[in-house]
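Following the hints, put chain V in place on chain R, whose structure we already have.
The residues making up each chain are set out below.
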Amino acid sequence: MEWAAWRPGADLATLRLRAELLARIRTFFAARKVLEVETPILSAAAITDPHLASFSTVYSGPGGCRDRPLYLQTSPEFPMKRLLAAGSGCIYQIARVFRDGEAGRRHNPEFTLLEWYRVGFDHHRLMDEVAALVTELLAGRLALAEPERLSYRELFQRHCDLDPHRAGVVELMRCAEARNLPIPPGMPIDETDPWLDLLLTHWIEPRLAQGRLVFVYDYPASQAALARLRPGDPPVGERFEAYLNGVELANGFHELGDAEEQRHRFEAENAARQALGLPVMPLDERLLAALAAGLPDCAGVALGFDRLAMLAAGCSSLAEVLAFPLDYA
Amino acid sequence: MASYSTNEFKSGLKIMLDGDPYTVVENEFVKPGKGQAFNRVKVRNLKTGRVIERTFKSGDTVEGADVTDVELQYLYNDGEYWHFMDQQSFEQLTADAAAVGDAAKWLKEEAICQVTLWNGVPLSVAAPNFVIMTIVETDPGLRGDTSGGGGKPATLETGAVVRVPLFVQSGEVIKVDTRTGEYVSRVKE
Chain R
1 MEWAAWRPGA DLATLRLRAE LLARIRTFFA ARKVLEVETP ILSAAAITDP HLASFSTVYS
61 GPGGCRDRPL YLQTSPEFPM KRLLAAGSGC IYQIARVFRD GEAGRRHNPE FTLLEWYRVG
121 FDHHRLMDEV AALVTELLAG RLALAEPERL SYRELFQRHC DLDPHRAGVV ELMRCAEARN
181 LPIPPGMPID ETDPWLDLLL THWIEPRLAQ GRLVFVYDYP ASQAALARLR PGDPPVGERF
241 EAYLNGVELA NGFHELGDAE EQRHRFEAEN AARQALGLPV MPLDERLLAA LAAGLPDCAG
301 VALGFDRLAM LAAGCSSLAE VLAFPLDYA
Chain V
330 MASYSTNEFK SGLKIMLDGD PYTVVENEFV KPGKGQAFNR VKVRNLKTGR VIERTFKSGD
390 TVEGADVTDV ELQYLYNDGE YWHFMDQQSF EQLTADAAAV GDAAKWLKEE AICQVTLWNG
450 VPLSVAAPNF VIMTIVETDP GLRGDTSGGG GKPATLETGA VVRVPLFVQS GEVIKVDTRT
510 GEYVSRVKE
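Protein sequence lines correspond, in order, to chains R and V.
For the first sequence, the numbering used here assigns the number 1 to the initial residue and increments by one for each residue that follows.
For the second sequence, the numbering used here assigns the number 330 to the initial residue and increments by one for each residue that follows.
Don't read these hints as lab results, they were simulated from the structure.
Some hints could be false.
With a cut-off of at most 20 Å between alpha-carbon atoms, the simulated SDA-like pairs for lysine to any residue come out as follows [to be verified]: (1) K434/V with N458/V; (2) K371/V with P206/R; (3) K339/V with V170/R; (4) K371/V with S317/R; (5) K437/V with D415/V; (6) K504/V with R492/V; (7) K386/V with V169/R; (8) K386/V with L22/R; (9) K371/V with A103/R; (10) K339/V with R383/V; (11) K339/V with R105/R; (12) K437/V with P457/V; (13) K386/V with V354/V; (14) K386/V with T192/R; (15) K386/V with G186/R; (16) K33/R with L22/R; (17) K386/V with V170/R; (18) K434/V with L452/V; (19) K339/V with T352/V; (20) K376/V with F358/V; (21) K339/V with R16/R; (22) K386/V with E177/R.
Just chain R, same shape as in the assembly (with noise of 0.2 Å):
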């Protein structure tokens, strides 16, 4: 091992920076009334969202069940709603949060991530308070010009020309082709999103707005998540995304609170993993008995933490802004 193999990758200053950020967020959320909760990071049940990877684990002691392995929460979304369910009203969270299979520049299998719910809020109410609060964070070290908004349509019209709603795969190859982006092999022939997000990580992302928060609004159906459906022409999902210097930042929903509806999800991403050649997740009926019993209308964003401390340091990597990032852990 090198010898200096047990040093921090962040400096003192950043570390401070973080702390002071933590407690900024603090305040923010008591001044509004929201109530700090915590809850497990090891779970029975996992995320079935064929893009995201668990990792597991096993507990061993009494009362507990070798056969079966514990999740480590890729978000601390499912438990937070049961809170909500059971009378909670607003609450946040700051989460250590766990992705297998992502790390990079602005990605470390364990991360921060600042998660919060507002009963009686929709997405675009809850759209002004992360700016309210990433502007308030930023304060004295980024100044920001007005947060833009535009739908997801608005976007792709904007940067690329066509409708993704209704573009099929062969416009979105063309699209691709005509900014001369590098056209991953094995690309569906039959699915529209796959290209949708080649079009956004390669040429939307860069050339967001510098300098203010920009919100992505209304996403396809087939990209809801666990977002609520809004009926139309086509019909929309209710999350939205917010980029700061074409760094994602947060993502939220006008939350789904049918249990019918979202137990039919977990289901179809099963099936997608199934034929993706990717483990079965044991879906949370705890969550979905929760949802039976009835969610309050409202509205949830988890914002990453690290990235956030990134940009107020003025550094382009998260492993500037972590103690230990993966590296050196």
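Okay, now just chain V, sitting in the frame of chain R:
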């Protein structure tokens, strides 16, 4: 040859793309908030040296390239091929002009070179960083000039031409940095 998942991509990994061997120069993991993750990579073609960009869906696998670097001793050139020898096994290998490339003008018999093999065949040859060679031809310099300023062309025993200071004469032995093609110093025999 083994396959590599994009999760194993790192700088220096040798992979096959479109039938050519490449080395990974840079690898970036990108992912939208939800959805498909990608690896954006920069790769260098080991035959042509050209760097290109490619994108893979994260988790996909790519065939590895059987590329290794070995130290071989240069023996001789038969007019078409350059012959090298592995000093341990005494196995002899031949490299063509495409593989030897610019290194040709720095190859002196018995020099130890780093040779990159692809499927056991020389793909590229790197001359030693420094070579010691005799000047076979250069204009006589001005007597008394020791400044080295300006310089003049000198042809070496392998045919390579380098700029040397004016005081350096035909028949002298010099040290040259092959990476820049520049004269370093005179060498006393």
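Going down the list of hints, with the structure as the test:
A distance of roughly 13 Å separates the Cα atoms of K434/V and N458/V; the hinted pair therefore holds under the 20 Å criterion. A distance of roughly 17 Å separates the Cα atoms of K371/V and P206/R; the hinted pair therefore holds under the 20 Å criterion. Taking the CA atoms of K339/V and V170/R, the gap is near 32 Å; set against the 20 Å cutoff, the hint is violated. This hinted pair checks out: K371/V and S317/R have alpha carbons roughly 19 Å apart, not beyond 20 Å.
For the suggested pair K437/V and D415/V, the alpha carbons sit about 16 Å apart, so the restraint of at most 20 Å is met. Pair hint K504/V plus R492/V holds up; C-alpha atoms about 12 Å apart against a cutoff of 20 Å. Simply put, K386/V and V169/R have alpha-carbon atoms about 16 Å apart, close enough for the 20 Å limit, and the pair holds. A C-alpha spacing of about 35 Å is found between K386/V and L22/R, which places the hinted pair above 20 Å, so the restraint is violated.
Annotation: proposed proximity of K371/V to A103/R holds, straight-line Cα distance about 17 Å (limit 20 Å). The suggested pairing of K339/V with R383/V holds, with an alpha-carbon distance near 14 Å, which does not exceed 20 Å. Only pairs whose Cα atoms come within 20 Å are accepted, and K339/V paired with R105/R is accepted, the gap being roughly 13 Å. Between the alpha carbons of K437/V and P457/V the distance comes to roughly 10 Å, so the proposed pair stays at or under 20 Å and holds.
A C-alpha spacing of about 18 Å is found between K386/V and V354/V, which places the hinted pair at or below 20 Å, so the restraint holds. With a C-alpha separation of about 14 Å, the suggested pairing of K386/V with T192/R holds against the 20 Å cut-off. In summary, the hint linking K386/V to G186/R is supported, as the alpha carbons are separated by about 8 Å, within the 20 Å threshold. A threshold of 20 Å between alpha carbons decides the hint, and for K33/R with L22/R the separation of about 17 Å falls inside it, so the pair holds.
Our distance criterion of 20 Å between C-alpha atoms is met by K386/V and V170/R, whose separation comes to about 18 Å. About 17 Å separates the Cα atoms of K434/V and L452/V, which keeps this hinted pair within 20 Å; it holds. Between K339/V and T352/V the CA atoms are separated by roughly 9 Å; this keeps the pair inside 20 Å, and the hint holds. For the given pair, K376/V sits about 26 Å from F358/V by alpha-carbon distance, which is inconsistent with the 20 Å threshold.
Restraint check for K339/V and R16/R: the C-alpha separation of about 32 Å exceeds 20 Å, so the hint is violated. The straight-line distance between the Cα atoms of K386/V and E177/R is roughly 17 Å, inside the 20 Å bound, and the hint therefore holds.
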